[in-house]
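Engineer: Below are the chains, spelled out letter by letter.
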Amino acid sequence: MAIWIQISPGSNEPIYTQLTRQISEAIAKGRLSVGDKLPPVRKLAAELVINPNTVAHAYTVLEHAGLVNTKTGSGTFISNPKLRTTHAADINLLTQRMDTFITRALNLGIDAPDLIAMFKHRLEGFVNKSENEKKI
Amino acid sequence: MSETVLETKGLTKYYGSTLAVDHLDLNIPRGSICGFVGRNAAGKTTAIKLMLGLLKPTTGSSTLLGCDSQQLRPAIRRRIGYVTEGHRLFRWMTITALEKFQRSFFPKQWDDRLFADMIEYFQLSKRQKIKHLSNGQRAQVSLALALAPNPELLIMDDPTLGLDAAIRRQFLQGMIELIMRQGRTILFSSHILGDVERVADRIVVIDKGVLRANCSLEQFRAAVKKVILTFKDFVPDEVNIAGLLHCRRTEKQLELILVGTSDDRIAACADTAGAEEYNIVKMNLEDQFIEYTAPKNHRRLFKWEEK
Numbered sequence: 009m010a011i012w013i014q015i016s017p018g019s020n021e022p023i024y025t026q027l028t029r030q031i032s033e034a035i036a037k038g039r040l041s042v043g044d045k046l047p048p049v050r051k052l053a054a055e056l057v058i059n060p061n062t063v064a065h066a067y068t069v070l071e072h073a074g075l076v077n078t079k080t081g082s083g084t085f086i087s088n089p090k091l092r093t094t095h096a097a098d099i100n101l102l103t104q105r106m107d108t109f110i111t112r113a114l115n116l117g118i119d120a121p122d123l124i125a126m127f128k129h130r131l132e133g134f135v136n137k138s139e140n141e142k143k144i
Numbered sequence: 018m019s020e021t022v023l024e025t026k027g028l029t030k031y032y033g034s035t036l037a038v039d040h041l042d043l044n045i046p047r048g049s050i051c052g053f054v055g056r057n058a059a060g061k062t063t064a065i066k067l068m069l070g071l072l073k074p075t076t077g078s079s080t081l082l083g084c085d086s087q088q089l090r091p092a093i094r095r096r097i098g099y100v101t102e103g104h105r106l107f108r109w110m111t112i113t114a115l116e117k118f119q120r121s122f123f124p125k126q127w128d129d130r131l132f133a134d135m136i137e138y139f140q141l142s143k144r145q146k147i148k149h150l151s152n153g154q155r156a157q158v159s160l161a162l163a164l165a166p167n168p169e170l171l172i173m174d175d176p177t178l179g180l181d182a183a184i185r186r187q188f189l190q191g192m193i194e195l196i197m198r199q200g201r202t203i204l205f206s207s208h209i210l211g212d213v214e215r216v217a218d219r220i221v222v223i224d225k226g227v228l229r230a231n232c233s234l235e236q237f238r239a240a241v242k243k244v245i246l247t248f249k250d251f252v253p254d255e256v257n258i259a260g261l262l263h264c265r266r267t268e269k270q271l272e273l274i275l276v277g278t279s280d281d282r283i284a285a286c287a288d289t290a291g292a293e294e295y296n297i298v299k300m301n302l303e304d305q306f307i308e309y310t311a312p313k314n315h316r317r318l319f320k321w322e323e324k
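Quick mapping for you: the protein sequence lines, in order, are chains A and B.
When you read off a place in the first sequence, starting at 1, and then add 8, the result is the number in the numbering used here.
When you read off a place in the second sequence, starting at 1, and then add 17, the result is the number in the numbering used here.
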């Protein structure tokens, strides 16, 4: 497991969401897989030169989202997707976001087949990578 | 972890008839890195000097580690580190002499190894005289002097002023390393909001001597919002919404700066005002700070007229 986290202060995005977004994406893309251990809070904080409380907060957010679980004394691990609970509210939010995205695309003049092709292409970036990495 | 290590009550300082610090009520909990921000002449340095007992307040009081700032005993002072603005060190001393001098104030707690390691890391020689060092090197010596006694409370007045990106980063690393030792607290003033965002978990904003914010950085990030209301034809002069700090009008839009207003409220306000659409604009910390401390009714600096 190796992921590269890039922190940009001065961005519109708060630092803890920069962390949660990049770690979530690494999980979705399979760069981090079930059982992988995240670096200890203090180590990551020292490496990225950010406040340890910010890292701890990001880990808590990931834990609430069910992406990781913390075993006291041994660390924070990527959890099993099969055991992750999907809440109706999350699905709701997701469909809302898709609607916004579709509206935007259609207004830009992208037609339905192109939109589907685009979506498939982006999705491959996630799914294939995760399968390839598992083979290695 | 909610023990207060630094507290001021109605702390006020006049220089003649000029009010520099105005009834400052501040408390910093143990274990935080607190970014102390404000524009030039906002009263940051004066506030820091008052906290350290280097200046006498006109009225009000402050306590550090539970002790009145005006009566800090040596035993308390030993637990506090202070880095002055501009890293003023005795120019005629060598690094060795300066270390010896500084160490005498912190007997038993001076980390010789840490100091030596840092000086070596910075590629300095202990025999060098301070007056022969560059600004950046002086800042590095000052950082080593501040960290070697392993202070429980470290107060730094604009420590990264005028330093290059690499040396600034060393300061930030130093802060992170110190804070990871149990129970350490740091207060530092800075104009570089990116640095504050990186290492601080708490922000104190002071403006014209008045405390404007003292909260977690995350709360501040979430609270200060910019909203653009776009209207079809009639643009009202103002809107009525809780948390409104500024309202600027352009041809077809109203630009609102809001503090602590929920997104639902913004939607309701846009609806009531008859706006065609509204956008909540994401701001970075620097923009938030500038908007938050902008004077009422401020205008843009430039106004280009098309001929």
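Hints in this document: simulated from the structure, not taken from any laboratory.
Quick caveat: nothing in here was measured; it's all calculated off a predicted structure.
Where hints are given, some of them may not hold.
Derived, one-sided and incomplete: chain A residues facing chain B with beta-carbon distance under 8 Å [to be verified]:
1) Ile23
2) Val57
3) Thr62
4) Ala113
Even for Gly, the Cβ is constructed at its ideal location relative to N, Cα and C.
Engineer: Decide, hint by hint, whether the structure agrees.
Structural biologist: Hint check:
1. Interface hint at A:Ile23: satisfied, since its Cβ lies 6 Å from the closest Cβ of chain B, which is below the 8 Å cut-off.
2. The interface hint given for A:Val57 holds, since its Cβ lies 5 Å from the closest Cβ of chain B, which is under the 8 Å cut-off.
3. Checking A:Thr62 against chain B: minimum C-beta separation of about 6 Å stays under 8 Å; hint holds.
4. A cut of 8 Å between beta carbons decides the hint on A:Ala113: the least distance to chain B is about 19 Å, and the hint is violated.
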